[in-house]
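Undergrad: What follows is each chain in one-letter form.
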Amino acid sequence: MPAEIYLNVAVAGLLTGLVYGLMALGLSVIFGVVRVVNFAHGEMMTIAMYLAIALFNALGLDPLVMMLPIAGVLFVFGYALQAGIINPFINRPEHSQFILLVAIGLIIVNVLLIAFGPDARNVQTSYAFDSFMAGPLIVDATKVYVGAATILVTIALFAFFRFAALGKAIRACADNYTGALVVGLDINRLYALTFGIGAACVGAAGSMLVLLVDVTPALGPAYTLLAFIIVITGGLGSMPGALLGGVLIGLTEALAGLLFTPSAKSMFSFGLLVLVLLFRPQGILGRRAA
Amino acid sequence: MAGAQAGTRGKAIMSALLTIDAVSKRFRGVLAVDQVTFEIGSGSIAAVIGPNGAGKTTLFNMIAGVLAPDRGAIVFAGDRIDGLKPDQVCRRGIGRTFQLVRPFPVLSVEDNVIIGALLHRNDPAAARRRAHEVLAQLDLFDKRTQRASALTLPDRKRLEVARALATDPKLLLLDEVMAGLRPVETDRIVTILRELNRATGLTILLIEHVMRAVMALAERVLVLHHGAAIAEGAPAAVVREPAVVQSYLGAEAV
Amino acid sequence: MRRLIEGVPPRGLVGLAALCLALIVGPWVANDYLLTVLIVILYFAYTGQAWNVMMGFAGQLSLGHAIYVGLGAYAAAALYVHFGIAPWIGLAAAIALAVACGALIGFLAFRFGVAGVYFAILTIAFAEFARIGFDHFGWVGASSGFFLPVANYAHNDLWTLRGNPTMFYYVMLVLTAAAFVLCRILLKSRIGYYWQAIREDEAAARSLGIDTFRYKMYAVIISAGMTSVAGVFFAFYYNNLFPEQVFHISRSIEMILGPIIGGIGTLFGPLIGAFLLTGLSETMLELLGALGLDVPGAKQVFYGICLLLVVIVLPEGVWPWLARKLGLAEKQS
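Protein chains in written order, with this note's numbering: chain A, 1 to 290; chain B, 1 to 254; chain C, 1 to 333.
So that you can see chain A by itself, here it is in the shape it has in the complex:
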């Protein structure tokens, strides 16, 4: 196969991987700070996706433009979920927490199923068939916009955690829970805030992903698993790791889909996951051994 095809597929995979990375970033933030394993992560993203579709179909609003409002809605959802339901579970046995979130995920998937039906939906924007060309490279315009948007959002996120007082407070919480308490930080509020931010990441990722894939309610669990694979591969609790993992998975998926059959691409991700779990459980960029 000519080299250009590999190049194009790789670039497409890379750009898609960036969005995956943003989704996984949300999971990493939630786990790194609140220590909650969000088994409903992908399902939350499908909420955002359907929201984007509904807005597009009803009002013709471009999901890229609606990215911020949708992220905002998911933020509120995440905040409320954490503050209202999840908070008491932080000190309960681990399996209780998992089951709580599995239940929430189950409800989300099926409510969406009832509301929107099982048929695949997507969003066709005016620029859906445009592409950019640079030498041998032909890239979908959509993917470029999405990639750029993701990079912007990620930079904003990093800046928030690095420079904003609230962001630093959240990191303090993650690094040293007792210390944060002693210093007088309102842990519960920070937790809710963090979950909201994680949800917002997923909201942004979802409204972008809607431009790249067909949406069904069943995507929820699939993306939850993908998010975990990315986060574990990249390093649980490491934000750059989540991005790196996302890009890596995006790349392997795209190339595996090219070299083998499309369904084989998940098998590669799983293979990668098993290898990481066995030999480097802290992930590529993870700080401490898991």
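Bear in mind the hints are in silico, worked out from the structure with no lab data behind them. Careful: at least some of the hints might be erroneous.
What the hints assert, rightly or not - Calculated cross-link-like contacts (lysine to aspartate or glutamate; reagent style EDC-like; alpha-carbon spacing at most 16 Å):
1. B:K85 / C:E202
2. C:K188 / C:E6
3. B:K85 / C:D211
4. B:K143 / B:E133
5. A:K168 / A:D186
6. C:K188 / B:D123
7. B:K170 / B:E241
8. C:K299 / C:E316
9. B:K170 / B:D21
Stated by the list, open to error - To give an idea of the interface, some chain C residues facing chain B are shown, with a C-beta separation under 8 Å as derived from the structure:
10. R184
11. K188
12. D201
13. T212
Unchecked claim - These stretches of chain B come out as covered by chain C in the derived footprint (C-beta under 8 Å, 3 or more residues):
14. 70-76
15. 89-96
16. 175-187
Just so it is clear, the structure is predicted and the values come from calculations on it, not from any experiment. Beta carbons: idealized from backbone N, C-alpha and C, even for Gly.
Chains B and C: place on chain A using the hints.
TA: Coordinates of chains B and C only, in the frame set by chain A:
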């Protein structure tokens, strides 16, 4: 079998049940245990004392198999045990308790001890009989059907000792078992331990801060400071050594 | 036998006897629809009990248990369709395959210290791997499905498991009862005690001489083997297998609803949970049907809400609470 020997150094190796030979352990640049050498004779009671961070629990963890020493050897009943896993060490005959007690919370007192007794008995009925024996020795028989999490701290401490005893150890490692107990409770455990040692020849190694217990029980004391052994011998002699007073006890304690 | 019933209060034994009686005469009083519902209840009680061995007894959370059902189902079905081997013989292959798979997962997880959420993810990944793999496995139909020849239902053939629902009901009843008895035996023996110790505090368990790796492996392979038997039943009862359905994560989650709602780690939990869940959801569907509504997904939302409520309000499960009310407190494992 050669008996216990109090206060003498350099005795024949054959009578020692546990020999710690120039054992060292480093954690990321910090030397937690520094070439410690110590022997415990079969049937004797010994104690390891020293300020917090002196390396006492690290030493215990190396004996119990939770950690492997970086250097040196640990010999128990003639065989090297350094590097063995905790369950293997227990099967060789070493029982231990934990600094922060960890009984199985949801299970009853009886079940906790039965689990210990099952090590050498396949049949739960036989294990239960042994568990009852041990519970009686530790004064917990009446509470045997209570949930472990419902017990008071002193009771939970004795439960952990009972559970470890049920594995029929030759050597019992007790990690700060007196911590947090009132003097009356401390005396109670001291009496129980002394009786066990006298009646069954159980060898006991204690980590302790409660000097009252150390003086009452130990025949020999090892003092650790910054990971190294700074004194060793009979309790009465050791607590007077200037290095010990300076680093740990303070003049008032003597 | 005596040891099995030691510690059970007399009214508990009476209740148990009454339950057994009711289950045995069930088919005579139930109509066809009710019979199929009962079969589903027993199926979930059985698989719930099998899953409970790993989670409730040994404390390892598996979210990919459907893989054992699938492996068992395909193994027995393939042997029957391709070689005419009866399911009771095919059972051996089914169990062997599931046990091997469980041993692999257990070995990978426990040797490398993969626990908690990582273990759960590992089990999910394996089930997904199997789903995609079988989608391409031509010998058993791949994604188009694998079909067993459907025989004349008037004639019951127990050996090849071809027959009417009543026969299947009794087969499932015997399996569930056997699982129940097996679990009781395991719980009361040394292995049961060791499992509880490992579940409560693995490090403390090791300090008591328990080889935790070995006992966790036992839990995994016993659970896997038991679950695969349900797979064989599944194949011969429904007569068609699709990887997309059999290995799907929804199956894995369905399996664990019963024991979680009924009570993890208890003997009756999976049974009570299965009764409650299936009973209530079927009732709900009847109501919706009576209102003229056909809402796909309603059942799952119902399941999710039940799960949510139980986990928040009755974290130990319904059975321990019920048992206390009825004065039947089971010795909590």
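Undergrad: Evaluate each hint against the coordinates.
TA: Against the structure, the hints come out as follows:
1. B:K85 / C:E202: holds (13 Å)
2. C:K188 / C:E6: With Cα atoms ~10 Å apart, K188 (chain C) and E6 (chain C) stay inside 16 Å; holds.
3. B:K85 / C:D211: holds (9 Å)
4. B:K143 / B:E133: holds (13 Å)
5. A:K168 / A:D186: holds (13 Å)
6. C:K188 / B:D123: With Cα atoms ~10 Å apart, K188 (chain C) and D123 (chain B) stay inside 16 Å; holds.
7. B:K170 / B:E241: Status violated; Cα separation ~31 Å.
8. C:K299 / C:E316: Answer violated: K299 (chain C) to E316 (chain C) is near 23 Å, above 16 Å.
9. B:K170 / B:D21: Distance ~19 Å between K170 (chain B) and D21 (chain B) Cα, so the pair is violated.
10. R184: At 13 Å from the nearest chain B Cβ, R184 (chain C) fails the 8 Å test, so the hint is violated.
11. K188: holds (7 Å)
12. D201: Status holds, d = 5 Å.
13. T212: holds (7 Å)
14. 70-76: violated (count 0)
15. 89-96: With 4 residues close enough to chain C, the hint holds.
16. 175-187: violated (count 0)
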